[in-house]
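*Asks:* Listed below, chain by chain, are the residues.
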Amino acid sequence: MWQYEKKLQYPVNIKEPNPALAKVIVSQLGGPDGELGASLRYLNQRYAAPCREVQAMLTDIGTEELAHMEMISAIIYQLTRGLSMKEIKESGFDTYFVDHTTGVYPIAASGVPFTADYFQSKGDPVTDLNEDLAAEQKARTTYDNILRLTDDPDVREPIKFLREREIVHYQRFGESLRLVTDMLDSKNFYAFNPSFDKK
Amino acid sequence: MPVLNDKQKLLRRLQQSCFALAEANLYLDSHPTCQMGLEYFRKHKAEKDAIEKEYTEKYGHLTAVQSEGTKKWEWVQHPFPWERGEN
Numbered sequence: 001m002w003q004y005e006k007k008l009q010y011p012v013n014i015k016e017p018n019p020a021l022a023k024v025i026v027s028q029l030g031g032p033d034g035e036l037g038a039s040l041r042y043l044n045q046r047y048a049a050p051c052r053e054v055q056a057m058l059t060d061i062g063t064e065e066l067a068h069m070e071m072i073s074a075i076i077y078q079l080t081r082g083l084s085m086k087e088i089k090e091s092g093f094d095t096y097f098v099d100h101t102t103g104v105y106p107i108a109a110s111g112v113p114f115t116a117d118y119f120q121s122k123g124d125p126v127t128d129l130n131e132d133l134a135a136e137q138k139a140r141t142t143y144d145n146i147l148r149l150t151d152d153p154d155v156r157e158p159i160k161f162l163r164e165r166e167i168v169h170y171q172r173f174g175e176s177l178r179l180v181t182d183m184l185d186s187k188n189f190y191a192f193n194p195s196f197d198k199k
Numbered sequence: 001m002p003v004l005n006d007k008q009k010l011l012r013r014l015q016q017s018c019f020a021l022a023e024a025n026l027y028l029d030s031h032p033t034c035q036m037g038l039e040y041f042r043k044h045k046a047e048k049d050a051i052e053k054e055y056t057e058k059y060g061h062l063t064a065v066q067s068e069g070t071k072k073w074e075w076v077q078h079p080f081p082w083e084r085g086e087n
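Which chain is which? The protein sequence lines are V and G, in order.
Sequential numbering of the first sequence, starting at 1, is according to my numbering.
Sequential numbering of the second sequence, starting at 1, is according to my numbering.
Hints are computed from structural coordinates only; laboratory data are not their basis.
Worth double-checking, as some hints may not be accurate.
Here are the computed lysine-lysine pairs in the DSSO-like style, where the Cα-Cα straight-line distance is at most 27 Å [stated by the list, open to error]: (1) Lys160/V with Lys7/G; (2) Lys6/V with Lys48/G; (3) Lys45/G with Lys160/V; (4) Lys160/V with Lys71/G; (5) Lys7/G with Lys15/V.
Not the full set, but computed from the structure, chain G residues with beta-carbon under 7 Å of chain V [as the list claims (entries may be wrong)]: (6) Leu26; (7) Leu62; (8) Thr63; (9) Gln66.
Even glycine gets a Cβ: it sits at the ideal position worked out from N, Cα and C.
Could you put together the complete structure from these sequences and hints?
*Replies:* Below, the structure is given as C-alpha cells:
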C-alpha cells in the first residue's frame, strides 16, 4: 500500500509564470519518457522480478517516480498561475487551455495524451530491466532538452535534480540486471525465463 | 539563493535527510549486506526522525493518519506542497 506525505522530494518555488514552458515540461508528466509512465512501468513490472532485491528496487524506484510526478505537476501548476487571456493566446498555451484550462493533465508536449503504450511489462526480468535502463536514459535526455529551453533558475534547479535521479536509477537498474543474470546460466542468459519457465 | 522562511529552512533539513535515506534505500536494495551502507542508513534515520518530529510539531503533520484534532480535522489546516512558498 502507499501513504502520501505532504512535502515535495525537492523544492519547487517558481516566481515567474511561463505558460509556453509549462506546455513543454508537461511532457515529463504524460509524455513518452515521463514520470507517470516510469512509475507505472516499474510498479507493474515488479511482480515478475525473480528476487527480493529487484522486487525492492522496482517498488522503491516506482514509488520515487510518483514523487517526481508531483514535482513536475507542481512546476506546471506554478508556471500557469495568474495568466491573462492575452498571455494565454500569445504564448501558444491556448491549445492546452481550451481542453484543460490551467488544470494539470498528463499529455506529451505534442498534445498526445498519456497512454500505456509508452511502457512494457514483458514478464521477463532481463527484458524488463533492459527497457528500464533505456527508459532512464531517455528521460535524462528529455531533461537535458528542457534545460536547453529555459534559463530560469527557479525551473532549472528542480529539473537538474530530476535529471540526476535518472542517472542514479540507471546505475541501480544496472546492478539489478547484474543480480538477475548472476542467478542464470552464464553460458546462456536466455535459456529460460526465470519468471515463467520451470527450472 | 532565494530567501527562505523558517518553515522552509526546517523543511530543507528534512528534505535533505529524507533524500539521504532514499539514496541509501535504493543502494541497499542492491547491496543488502554492505555494512557501511547500513551504518549510513541508521545514522540518517535517527537524524530524520528528530527533524521530522520538530517539523510536524511546528508546521503540521506530513500524513493524514497523524491528525489528532478534536475540534477540527488537522489535515485540512495546513497547505499542500505544490503552492509556491509552501515547500
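*Asks:* Each hint: holds or not?
*Replies:* Each hint, compared with the structure:
Proximity of lysine 160/V to lysine 7/G is assessed by CA-CA distance (about 24 Å); at most 27 Å being required, the pair is judged to hold. At roughly 15 Å between alpha-carbon atoms, lysine 6/V and lysine 48/G fall within 27 Å of each other, so this suggested pair holds. For a cut-off of 27 Å, the pair hint linking lysine 45/G to lysine 160/V stands: about 26 Å separates their Cα positions. Straight-line distance between C-alpha atoms of lysine 160/V and lysine 71/G comes to about 43 Å, which puts the hinted pair past the 27 Å bound.
Pair hint lysine 7/G plus lysine 15/V holds up; C-alpha atoms about 18 Å apart against a cutoff of 27 Å. Evaluation of the leucine 26/G hint against chain V yields a held restraint, the C-beta minimum of about 5 Å falling below 7 Å. Hint on leucine 62/G holds. Least Cβ distance to chain V is approximately 5 Å, under the 7 Å limit. Hint status for threonine 63/G relative to chain V: holds, with the closest Cβ pair at about 6 Å, below 7 Å.
A distance limit of 7 Å between C-beta atoms decides the matter here; for glutamine 66/G the minimum to chain V is near 10 Å, and the interface restraint is violated.
In summary, the numbered hints that this structure violates are 4, 9.
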